[in-house]
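Given chain A, work out where chain B should sit, using these hints.
Number of protein chains: 2
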Amino acid sequence: MKSGVVLVSGGLDSLVTAAIADKECDLTYFLHFNYGQKTETKELESFRKIVNHYSPKDILISNLDFFKMIGSSSLIDESQKIRSYHNINQLKKDSKPNTYVPFRNALMLSIGVSWAEAVKANYIYIGAVEEDSSGYPDCREVFFQAFQEVIDFGTANNDPLIVKVPLIHKSKKEIILLGKKLNTPLELSWSCYGNNHIACGKCASCFLRLKAFQEAGLIDPVKYE
Amino acid sequence: MKSGVVLVSGGLDSLVTAAIADKECDLTYFLHFNYGQKTETKELESFRKIVNHYSPKDILISNLDFFKMIGSSSLIDESQKIRSYHNINQLKKDSKPNTYVPFRNALMLSIGVSWAEAVKANYIYIGAVEEDSSGYPDCREVFFQAFQEVIDFGTANNDPLIVKVPLIHKSKKEIILLGKKLNTPLELSWSCYGNNHIACGKCASCFLRLKAFQEAGLIDPVKYE
Numbered sequence: 019m020k021s022g023v024v025l026v027s028g029g030l031d032s033l034v035t036a037a038i039a040d041k042e043c044d045l046t047y048f049l050h051f052n053y054g055q056k057t058e059t060k061e062l063e064s065f066r067k068i069v070n071h072y073s074p075k076d077i078l079i080s081n082l083d084f085f086k087m088i089g090s091s092s093l094i095d096e097s098q099k100i101r102s103y104h105n106i107n108q109l110k111k112d113s114k115p116n117t118y119v120p121f122r123n124a125l126m127l128s129i130g131v132s133w134a135e136a137v138k139a140n141y142i143y144i145g146a147v148e149e150d151s152s153g154y155p156d157c158r159e160v161f162f163q164a165f166q167e168v169i170d171f172g173t174a175n176n177d178p179l180i181v182k183v184p185l186i187h188k189s190k191k192e193i194i195l196l197g198k199k200l201n202t203p204l205e206l207s208w209s210c211y212g213n214n215h216i217a218c219g220k221c222a223s224c225f226l227r228l229k230a231f232q233e234a235g236l237i238d239p240v241k242y243e
Numbered sequence: 019m020k021s022g023v024v025l026v027s028g029g030l031d032s033l034v035t036a037a038i039a040d041k042e043c044d045l046t047y048f049l050h051f052n053y054g055q056k057t058e059t060k061e062l063e064s065f066r067k068i069v070n071h072y073s074p075k076d077i078l079i080s081n082l083d084f085f086k087m088i089g090s091s092s093l094i095d096e097s098q099k100i101r102s103y104h105n106i107n108q109l110k111k112d113s114k115p116n117t118y119v120p121f122r123n124a125l126m127l128s129i130g131v132s133w134a135e136a137v138k139a140n141y142i143y144i145g146a147v148e149e150d151s152s153g154y155p156d157c158r159e160v161f162f163q164a165f166q167e168v169i170d171f172g173t174a175n176n177d178p179l180i181v182k183v184p185l186i187h188k189s190k191k192e193i194i195l196l197g198k199k200l201n202t203p204l205e206l207s208w209s210c211y212g213n214n215h216i217a218c219g220k221c222a223s224c225f226l227r228l229k230a231f232q233e234a235g236l237i238d239p240v241k242y243e
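As given, the protein sequences belong to chains A and B, one line each in that order. By the numbering used here, the letter at position 14 of the first sequence is numbered 32, and the numbering carries on one by one without gaps. By the numbering used here, the letter at position 137 of the second sequence is numbered 155, and the numbering carries on one by one without gaps.
Please keep in mind that the hints were generated in silico from the structure rather than gathered at the bench. Keep in mind it's a predicted model, so treat the numbers as computed, not measured. No residue lacks a Cβ here, since even glycine has one placed at the ideal position from N, Cα and C. One should not assume that every hint holds.
[As the list claims (entries may be wrong)] Chain A is faced by these chain B residues, among others (derived, beta-carbon under 8 Å): (1) Ala124; (2) Ser128; (3) Ile129; (4) Val160; (5) Phe165; (6) Glu167.
[What the hints assert, rightly or not] Derived DSS-like pairs: lysine-lysine, alpha-carbon spacing no greater than 25 Å straight-line: (7) B:Lys138 with A:Lys56; (8) A:Lys56 with A:Lys86; (9) A:Lys138 with B:Lys86; (10) B:Lys86 with A:Lys86.
[What the hints assert, rightly or not] Listed next, with one range per pair, are the computed distances between beta-carbon atoms: (11) B:Thr59 with A:Glu167: 28 to 38 Å; (12) A:His187 with B:His215: 55 to 65 Å; (13) B:Thr59 with A:Pro178: 32 to 42 Å; (14) A:Glu42 with B:Pro239: 48 to 58 Å; (15) A:Glu233 with B:Asn176: 31 to 41 Å; (16) B:Ala174 with A:Val137: 31 to 41 Å.
Isolated chain A (complex conformation) (with noise of 0.2 Å):
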């Protein structure tokens, strides 16, 4: 019996993660956090329908409330605005984009291996990706090495709990042909910095994955504006 924490913002990269965390383990939990990203309400609702889908064996909602508190990226802070991108060059040459919420993905495994530890999980999943991402530290494997190691000495279950992040070197096109042969609903993320309706398709995030789809070969079942 195989059991994993799996942590699902209701985007893309976490929503193939969890599609490949369903297949690896007989047991599965899905942990979400509100941390006052302005996609809160959108996030959120793509969790619960990813839930629906895959019917974890326990899900957990965390409420962050102090990245909120603290500020310094645009993805909570309502005073900065969230920059859009025409091409790939514009987008490289932001080496830490406004959208980067300090230590988040530290803070978000520390919570999801506290609770992997207490249900005594043999795995923590998390869909972070190195290449073609937007450049964040914490989104890199050496982060993911180094995190391994603070586990291994600060948690006192007998089996180990390895952290798994089976999307960091592959590319969003990858991801896509991944998704569609596991049979991922990619149809119920959420991937916009944006909190409309439709998906603006101008953000870092909407302007990756638009490419991505494209490089694939696919049509992205999300509307956009």
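Below, chain B without anything else, positioned relative to chain A:
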């Protein structure tokens, strides 16, 4: 100009750590957590008194709901009773005490790092103690060394952010003596795992504290039942 974020629970160790940070830094930021611990009210009361004493540049009180949802520790789970101890051998036999909250230090550090990155702090202080502690896996130096790597890989500021664990190899007795030397207001701290108006004197935390004051040849200024 050096600045540091300090995790201040309101206990003895975090209070002495705050005194050290106050001495080493030009600016401090005090961070406190409510996580559904039974001592939430008493700890917050201590935190506010400590803030009044040291006047940090800013404070953050973060509410963490999910530890309560996860359960699994007698510190937060109402169905589990906090154990009483009468001698040190009885306490040592508990390799993983039932007051253990899974991966708590990783989570609290992650939030601290997130804030430290946003305010561009140089240090993050945590009052963890390896020796003379209650055997939590995330109170050991190897854990913090591993966590430093996670910070190095997972943050984006130009200047490094250093984890400081100044008490890690001190005994409780040494911590009390250091506190005295730094004119720390030890009477403001709250160590008891219970939530009564007066400390119980019987839980693991009270037991170790009283023993240490005795060894230091000092009278604990806190009142006991």
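Cβ-Cβ distance between histidine 187 of chain A and histidine 215 of chain B: within 55 to 65 Å? holds (57 Å)
Starting from lysine 138 of chain A, check that the Cα of lysine 86 of chain B is at most 25 Å away, please. holds (17 Å)
If you check the beta carbons of threonine 59 of chain B and glutamate 167 of chain A, does the distance land in 28 to 38 Å? Taking Cβ atoms as reference, threonine 59 of chain B and glutamate 167 of chain A lie about 36 Å apart, which means the hint holds.
Status of the given 31 to 41 Å range, CB of asparagine 176 of chain B versus CB of glutamate 233 of chain A: Holds: the Cβ-Cβ distance is about 35 Å, inside 31 to 41 Å.
Measuring from beta carbon to beta carbon, are threonine 59 of chain B and proline 178 of chain A in 32 to 42 Å? holds (38 Å)
Would the stated hint for serine 128 of chain B survive a check requiring a Cβ distance to chain A of less than 8 Å? holds (4 Å)
For the pair we were handed, lysine 138 of chain B and lysine 56 of chain A, check the Cα-Cα distance against 25 Å. Roughly 24 Å separates the two Cα atoms, so the pair holds.
Would the hint on glutamate 167 of chain B stand, with a C-beta cut-off of 8 Å toward chain A? With a minimum Cβ separation of about 4 Å from chain A (threshold 8 Å), the hint on glutamate 167 of chain B holds.
Per-residue hint verdict: alanine 124 of chain B, partner chain A, C-beta under 8 Å: With a minimum Cβ separation of about 4 Å from chain A (threshold 8 Å), the hint on alanine 124 of chain B holds.
25 Å Cα cutoff - pair lysine 56 of chain A, lysine 86 of chain A: With a Cα-Cα distance of about 10 Å, the restraint between lysine 56 of chain A and lysine 86 of chain A holds, given a limit of 25 Å.
That 31 to 41 Å hint for alanine 174 of chain B and valine 137 of chain A (C-beta), does it hold up? Once the Cβ atoms are compared, 33 Å apart, the range 31 to 41 Å for valine 137 of chain A and alanine 174 of chain B holds.
Close enough to count: is the Cβ of phenylalanine 165 of chain B nearer than 8 Å to one in chain A? For phenylalanine 165 of chain B, the interface hint holds, since the closest Cβ of chain A sits about 5 Å away, which is under 8 Å.
Violated hints: none; the structure is consistent with every hint.
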